[in-house]
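Trainee: Residues per chain are reported as follows:
There are 2 protein chains.
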Amino acid sequence: MSEHIVSSYDNDLENLRRSIAEMGGVAEKMLAEATEALVRRDTTLAQAVIVADKRLDVLQREIEERSVLLIARRQPLAIDLRETISGIRVAGDLERIGDLAKNIAKRVVAISDQAQPQKIVLGVQHMSDLVQEQLKDVLDAYASRDTAAAHDVWERDGAIDALYNSLFRELLTYMMEDPRNISFCTHLLFCAKNVERIGDHTTNVAETIHYLATGEAPAGERPKNDASNYATVLPGA
Amino acid sequence: MSEHIVSSYDNDLENLRRSIAEMGGVAEKMLAEATEALVRRDTTLAQAVIVADKRLDVLQREIEERSVLLIARRQPLAIDLRETISGIRVAGDLERIGDLAKNIAKRVVAISDQAQPQKIVLGVQHMSDLVQEQLKDVLDAYASRDTAAAHDVWERDGAIDALYNSLFRELLTYMMEDPRNISFCTHLLFCAKNVERIGDHTTNVAETIHYLATGEAPAGERPKNDASNYATVLPGA
Numbered sequence: 001m002s003e004h005i006v007s008s009y010d011n012d013l014e015n016l017r018r019s020i021a022e023m024g025g026v027a028e029k030m031l032a033e034a035t036e037a038l039v040r041r042d043t044t045l046a047q048a049v050i051v052a053d054k055r056l057d058v059l060q061r062e063i064e065e066r067s068v069l070l071i072a073r074r075q076p077l078a079i080d081l082r083e084t085i086s087g088i089r090v091a092g093d094l095e096r097i098g099d100l101a102k103n104i105a106k107r108v109v110a111i112s113d114q115a116q117p118q119k120i121v122l123g124v125q126h127m128s129d130l131v132q133e134q135l136k137d138v139l140d141a142y143a144s145r146d147t148a149a150a151h152d153v154w155e156r157d158g159a160i161d162a163l164y165n166s167l168f169r170e171l172l173t174y175m176m177e178d179p180r181n182i183s184f185c186t187h188l189l190f191c192a193k194n195v196e197r198i199g200d201h202t203t204n205v206a207e208t209i210h211y212l213a214t215g216e217a218p219a220g221e222r223p224k225n226d227a228s229n230y231a232t233v234l235p236g237a
Numbered sequence: 001m002s003e004h005i006v007s008s009y010d011n012d013l014e015n016l017r018r019s020i021a022e023m024g025g026v027a028e029k030m031l032a033e034a035t036e037a038l039v040r041r042d043t044t045l046a047q048a049v050i051v052a053d054k055r056l057d058v059l060q061r062e063i064e065e066r067s068v069l070l071i072a073r074r075q076p077l078a079i080d081l082r083e084t085i086s087g088i089r090v091a092g093d094l095e096r097i098g099d100l101a102k103n104i105a106k107r108v109v110a111i112s113d114q115a116q117p118q119k120i121v122l123g124v125q126h127m128s129d130l131v132q133e134q135l136k137d138v139l140d141a142y143a144s145r146d147t148a149a150a151h152d153v154w155e156r157d158g159a160i161d162a163l164y165n166s167l168f169r170e171l172l173t174y175m176m177e178d179p180r181n182i183s184f185c186t187h188l189l190f191c192a193k194n195v196e197r198i199g200d201h202t203t204n205v206a207e208t209i210h211y212l213a214t215g216e217a218p219a220g221e222r223p224k225n226d227a228s229n230y231a232t233v234l235p236g237a
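First to last, the protein sequences are chains A and B.
Using full-length UniProt numbering, you'd call the opening residue of the first sequence number 1 and step up by one each time.
Using full-length UniProt numbering, you'd call the opening residue of the second sequence number 1 and step up by one each time.
Calculated directly from the structure, the hints in this document are not laboratory data.
Please read these numbers as outputs of a predicted model, since none were measured by experiment.
Keep in mind that the hints are not guaranteed to be accurate.
The list treats identical chains as one, so a pair stands whether inside a single copy or across any two.
[To be verified] In silico SDA-like links for lysine to any residue, alpha-carbon gap of 25 angstroms or less:
| id | residue 1 | residue 2 |
| --- | --- | --- |
| 1 | K119 | D146 |
| 2 | K29 | R145 |
| 3 | K29 | D10 |
| 4 | K29 | D57 |
| 5 | K29 | P179 |
| 6 | K54 | A115 |
| 7 | K54 | H210 |
| 8 | K54 | L212 |
| 9 | K54 | Q75 |
| 10 | K29 | A213 |
| 11 | K29 | Y174 |
| 12 | K119 | A149 |
| 13 | K29 | E216 |
| 14 | K29 | R55 |
| 15 | K29 | R74 |
| 16 | K119 | D140 |
| 17 | K54 | P179 |
| 18 | K119 | G215 |
| 19 | K119 | R18 |
| 20 | K119 | A52 |
| 21 | K119 | A213 |
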């Protein structure tokens, strides 16, 4: 579409899309850097992640208020209205992803002085790698309105939950083996839980893409495999 | 105001307020019952909490969609527009509170077969009692548009964070004393974290009340006292 026939309303929607893409970029970077900070015990990088979260909060509030003004001024119907509602929802999920990444970064500061076998951290890193891929894929799917790709992300969340579940048990086992691991592993448990919840938010975005295309929530239950809420590990087990 | 002079727009806003009040009631009940289920190890009550969360999800989506339709149809300005944005925000916080209460209920099921000293649970109960009071007060403040009461809730969140911090250390100490406590105490740690985050969401609602009245976010930083992200406990300490 050449520039002179683009209406002011299209411009507003385009700006909304651009802000959400910016939020997506910040959230992706925060998760990648929080994980890198955890693996390398890099408190400087962790502090940078904590600071980056402020930008995400500002962007979310702007998107929310601009979307609502856009609705009030333009009175969009059907697909355009859904686009605006979807923008508000996706911005909310990305803001939460930033909060969770920031929380991982804060924990990196907490455990920076504790010498622990690096292999315990690798499980969290592996899980984060998978979630980063999910996040990238779902942001691409949102930008290109690709419901098939969104559905693919939606289905893969079960694998992340299963991974979290096994990591949860593994970390509990380390704690039982040696009480000196408890403090460190507790922070890792929360880090892993944060990564799992970031996975849930990518699933939310996938559902929003489905809603954007169809006006409906996806049929069927989410592919949840998170049994860790029910998991217990006994000493010596 | 007698019924015949109430405009259709006022009716829409009134319905929005009523739905939010219903969500608030469900969320309060879920937190109270999840805590009671935890203290009494009552898995039947815990299951009821898990089921109740579905109603909250439905109500949130309805509020979001109805608010946006209301904006599109009525083009409200200034205070009425803020009322609608605020409704979307508060509904989002209440939905998250329900999720967190549901997660506590799921953990009650996990630890139901473990015999542990009841006193460990009492710290979580005490924290939950405080948060329930905050939640009640902030919902009242929202219903009556009482910014002074909202500010009071906002300031009290620091005390809950401080309590969580001390509970975090206490639970880590129990884990170090006896590895048989680890599995149980890990679930309690997550329960306590959930309660602390419910406190954060009540603070969000308090901020929304301020925004509703003034059109601005509250000045100054949140009174955060949550040092537990940085806390570590050493064995024997």
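Trainee: Hint by hint, note whether the structure agrees.
Mentor: Hints, verified against the model:
no., hint, verdict
1, K119 x D146, "neither (37 angstroms within a copy, 52 angstroms between copies)"
2, K29 x R145, "within (22 angstroms within a copy, 39 angstroms between copies)"
3, K29 x D10, "neither (29 angstroms within a copy, 44 angstroms between copies)"
4, K29 x D57, "within (15 angstroms within a copy, 30 angstroms between copies)"
5, K29 x P179, "neither (34 angstroms within a copy, 38 angstroms between copies)"
6, K54 x A115, "neither (31 angstroms within a copy, 44 angstroms between copies)"
7, K54 x H210, "between (29 angstroms within a copy, 20 angstroms between copies)"
8, K54 x L212, "between (28 angstroms within a copy, 22 angstroms between copies)"
9, K54 x Q75, "neither (31 angstroms within a copy, 31 angstroms between copies)"
10, K29 x A213, "neither (28 angstroms within a copy, 36 angstroms between copies)"
11, K29 x Y174, "neither (30 angstroms within a copy, 37 angstroms between copies)"
12, K119 x A149, "neither (33 angstroms within a copy, 50 angstroms between copies)"
13, K29 x E216, "neither (31 angstroms within a copy, 29 angstroms between copies)"
14, K29 x R55, "within (12 angstroms within a copy, 35 angstroms between copies)"
15, K29 x R74, "neither (34 angstroms within a copy, 40 angstroms between copies)"
16, K119 x D140, "neither (32 angstroms within a copy, 50 angstroms between copies)"
17, K54 x P179, "neither (36 angstroms within a copy, 40 angstroms between copies)"
18, K119 x G215, "neither (45 angstroms within a copy, 50 angstroms between copies)"
19, K119 x R18, "neither (39 angstroms within a copy, 52 angstroms between copies)"
20, K119 x A52, "neither (28 angstroms within a copy, 40 angstroms between copies)"
21, K119 x A213, "neither (43 angstroms within a copy, 52 angstroms between copies)"
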